[in-house]
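Colleague: Residue-level listing of the chains:
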Amino acid sequence: MEYLPNIIFLLVLVAGVGFFAKNVKTLSRNIKLGRDVDVSDNKPLRWKNMARIALGQTKMVVRPIPGILHIIVYVGFIIINIEVLEIVIDGLLGTHRIFAPLGAVYDVLIGSFEILAFLVIVSVVIFWIRRNVIRVKRFMNPEMKGWAKKDGNLILYIELVLMVLFLTMNAADFQLQTIDALHYVKAGSFPISQFIAPIFGGMSEASLIVVERSAWWMHITGILLFLNYLYYSKHLHILLAFPNTYYGKVQPKGQLDNLAAVTAEVKMMMDPDADPFAAPAEGAEDAGEPDKFGASDVTDLNWVQLLNSYTCTECGRCTSECPANQTGKLLSPRKIMMDTRDRLHEVGENIDKNKGEFVADGKQLLGDYITPEELWACTSCNACTEACPVSIDPLSIIMDMRRYLVMEQSAAPSDLNNMMGNIENNGAPWPFNQMDRLNWKNES
Amino acid sequence: MSNELKVPTMAELFAEGKQPEVLFWVGCAGSFDDRAKKITKAFVKILNKANVSFAVLGTEESCTGDPAKRAGNEFLFQMQAVTNIEVMNAYEVKKVVTACPHCFNTIKNEYPGLGGNYEVVHHTQFLKDLLTEGKITMEGGQYKGKRITFHDPCYLGRANGVYEAPRDLIRKLDAELVEMKNCKKKGLCCGAGGAQMFKEPENGSKDVNVERTEQALDTKPEIIAAGCPFCNTMMTDGVKSKEKEGDVEVLDIAELIANAEDL
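These protein sequence lines map, in sequence, to chains A and B.
Numbering-wise, the working numbering puts 85 at position 85 of the first sequence, and it's gapless, one number per residue.
Numbering-wise, the working numbering puts 138 at position 138 of the second sequence, and it's gapless, one number per residue.
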């Protein structure tokens with residue numbers, strides 16, 4: 001029975017990491033439902049973007065208050081992982097504070113973890129106040145009702161509880177060290193938890209050990225539960241921000257891709273020698289169904305766009321900068337990303353339920369999630385892509401869906417049909433004759 | 001003082017066996033819109049004064065396809081692009097200047113993939129270069145000390161990272177450059193981009209151009225400077241809707257310079 005805690009710990013760890021691995025697999029499968037896209041270019045710039053934007057948080061501090069608070073939570077998250085490593089080793093080997101022999105270094109480490117944990121608590125409380133008391137406008141949009149609101153708060157509660165457990169564990173440990181309890185080596189410095197320790201002042205050694213052990217176990221199982229909660233929440237950005245900034249757009253923001261399928265057809269139309277009735281060349285791939293132009297569902301989007309949707313943490317900076325949204329239109333770039341993710345999740349579950357095959361469910365991203373009215377309100381100004389702290393591109397999804405509406409459904413607003421008719425007939429968006437293009441020269 | 005404008009076409013120069021240094025891409029607004037035609041002429045006056053070797057395509061120019069592409073009609077865009085590229089390549093165009101940020105963005109970024117590779121500059125960049133090279137001089141003139149705010153066109157600013165050329169020119173006028181609440185990277189759209197110019201806005205609480213004009217008027221400007229014919233229209237309409245047209249002028253950077261030089 002001596003090894004029972006070690007065995008239980010091993011089982012908890014394997015279950016936690018195992019379920020997470022399974023979720024990662026599903027996540028990756030879902031992202032790969034997207035069309036292929038070549039992102040093998042500009043590698044040095046991509047690495048630089050990742051280092052600057054994800055690791056360096058450069059876009060977060062554009063808004064200094066949430067930016068700095070976020071950096072605290074982010075640094076806390078990364079640094080405290082060193083502590084998690086110690087906890088895991090202790091749990092598996094049945095040791096206590098295995099890194100203690102580091103001496104002064106260990107004191108500095110534990111001390112800085114404590115200060116970070118305290119700052120994280122402060123930041124999380126301020127974040128909660130911003131969402132629930134100050135009610136910052138960008139958290140109040142229609143798409144933030146219901147689950148999105150609960151999800152946001154739940155993440156803050158979990159982070160708060162994890163930090164409180166960490167400090168409680170240290171406080172009890174500090175108290176045990178003071179009374180020279182067996183196994184509790186004198187190690188670490190406790191700049192924050194020494195102020196909590198007096199609460200446990202009158203407790204017996206046995207009770208203190210119960211408190212310490214409980215906090216220790218709840219802390220590590222809490223972390224494993226949080227890890228598994230990621231997949232069901234908006235919080236995946238803590239992992240996906242890195243690949244997402246790497247694969248983010250490296251071209252000028254104004255550049256839209258030229259659809260290759262269209263280029264092929266246009267080239268053929270412009271080529272006087274082309275024979276439109278020619279049989280496909282020998283060995284050419286069977287054309288089958290012709291390429292669909294634009295996107296009506298998530299599988300028409302490319303995998304970077306789908307990765308974007310999982311990376312979105314619903315901060316709403318895009319929506320708050322969107323000129324359409326600011327002037328009361330239905331469009332919200334954040335909703336475009338949330339809708340894409342929710343539909344992708346639905347498609348993924350459909351595939352899981354039907355033994356790996358997607359069974360038509362009579363739904364699609366266009367219409368059932370995103371309405372044409374939202375799509376037509378976009379001015380393509382790139383305020384949303386500039387605002388996003390993790391290089392998400394809602395504009396590319398909006399444009400792909402417009403392409404579907406126009407090229408597959410001829411469903412453009414009538415004003416735009418007039419404009420396009422004019423371009424087609426006389427080479428200008430207005431009904432002026434191309435032969436009059438230089439008349440301005442002689443007008444006074 | 002209306003000196004006749006010298007506006008050679010590529011075809012004319014080609015017939016004489018000449019090749020201009022730069023193609024001035026006028027664009028649809030610059031060719032047909034009454035307000036934008038004034039910008040075109042102001043820019044040509046400066047080109048003439050600086051003795052720049054340029055030409056226009058005239059009747060051989062056609063819409064770049066930008067509004068069609070942003071409206072989702074990739075077919076129409078590529079048809080326009082391929083046709084324009086054929087014309088430009090036939091004239092062996094190397095460098096293009098345009099006063100329209102939409103044309104600028106499309107030719108610079110989206111034409112190369114379809115076979116059109118040119119050095120493309122916005123007219124504010126071109127004017128800045130003329131100034132640096134000493135081909136034009138600016139003395140401030142009538143704009144000395146005036147409060148001017150600059151509205152960043154999305155397709156020049158965020159889309160292509162050009163923020164300073166227009167501002168440098170305004171400063172050269174000895175004017176007082178005042179910035180709006182949202183400027184440069186955070187500039188607010190005028191509401192015309194993405195083919196919005198050609199349709200009614202969706203239902204909302206306000207028009208985008210009115211929102212932006214309010215930001216501009218908050219700076220108490222005497223002039224709102226623009227660098228895009230569509231922004232110009234939107235801001236002019238916005239100023240009218242606030243009944244401020246008597247107090248605030250909306251002018252293109254090229255017009256500011258031409259006026260300052262009494263051209």
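By construction, these hints were calculated from the structure, which means they are not laboratory data.
Hints may contain errors.
Here are the computed lysine-lysine pairs in the DSSO-like style, where the Cα-Cα straight-line distance is at most 27 Å [said to hold, decoys possible]: (1) A:K137 with B:K185; (2) A:K59 with B:K185; (3) B:K18 with A:K441; (4) B:K184 with A:K48; (5) A:K145 with B:K172; (6) B:K135 with A:K441; (7) A:K48 with B:K95; (8) A:K48 with B:K220; (9) B:K37 with A:K441; (10) A:K137 with B:K18; (11) B:K181 with A:K137; (12) A:K43 with B:K220; (13) A:K441 with B:K94; (14) B:K37 with A:K249; (15) A:K59 with B:K94; (16) A:K441 with B:K49; (17) A:K137 with B:K6; (18) A:K137 with A:K22; (19) B:K220 with B:K95; (20) A:K441 with B:K38; (21) A:K441 with B:K206; (22) A:K441 with B:K95; (23) A:K137 with B:K184; (24) A:K363 with A:K149; (25) B:K95 with A:K267; (26) A:K249 with B:K18; (27) A:K59 with B:K18; (28) A:K59 with B:K6; (29) B:K135 with A:K234; (30) B:K206 with A:K249; (31) B:K94 with A:K267.
Colleague: State for each hint whether it applies.
Modeller: So, going through the hints one by one against the coordinates:
1. A:K137 with B:K185: Holds: K137 (chain A) and K185 (chain B) sit about 21 Å apart, inside 27 Å.
2. A:K59 with B:K185: holds, 12 Å
3. B:K18 with A:K441: holds, 21 Å
4. B:K184 with A:K48: holds, 23 Å
5. A:K145 with B:K172: violated, 51 Å
6. B:K135 with A:K441: Given that 27 Å is the threshold and the Cα spacing comes to 23 Å, the pair holds.
7. A:K48 with B:K95: violated, 31 Å
8. A:K48 with B:K220: violated, 41 Å
9. B:K37 with A:K441: holds, 9 Å
10. A:K137 with B:K18: violated, 60 Å
11. B:K181 with A:K137: Within the cut-off at roughly 18 Å; holds.
12. A:K43 with B:K220: violated, 46 Å
13. A:K441 with B:K94: Roughly 24 Å separates the two Cα atoms, so the pair holds.
14. B:K37 with A:K249: violated, 36 Å
15. A:K59 with B:K94: violated, 37 Å
16. A:K441 with B:K49: Roughly 16 Å separates the two Cα atoms, so the pair holds.
17. A:K137 with B:K6: violated, 55 Å
18. A:K137 with A:K22: Roughly 37 Å separates the two Cα atoms, so the pair is violated.
19. B:K220 with B:K95: violated, 38 Å
20. A:K441 with B:K38: holds, 10 Å
21. A:K441 with B:K206: Judged against 27 Å, a Cα distance of about 38 Å means the pair is violated.
22. A:K441 with B:K95: holds, 22 Å
23. A:K137 with B:K184: holds, 23 Å
24. A:K363 with A:K149: Between K363 (chain A) and K149 (chain A) the Cα gap is close to 25 Å, so the pair holds against 27 Å.
25. B:K95 with A:K267: holds, 25 Å
26. A:K249 with B:K18: violated, 41 Å
27. A:K59 with B:K18: violated, 50 Å
28. A:K59 with B:K6: violated, 48 Å
29. B:K135 with A:K234: violated, 56 Å
30. B:K206 with A:K249: Answer violated: K206 (chain B) to K249 (chain A) is near 32 Å, above 27 Å.
31. B:K94 with A:K267: holds, 23 Å
Consistency with the previously given hints fails for numbers 5, 7, 8, 10, 12, 14, 15, 17, 18, 19, 21, 26, 27, 28, 29 and 30, ordered from lowest to highest.
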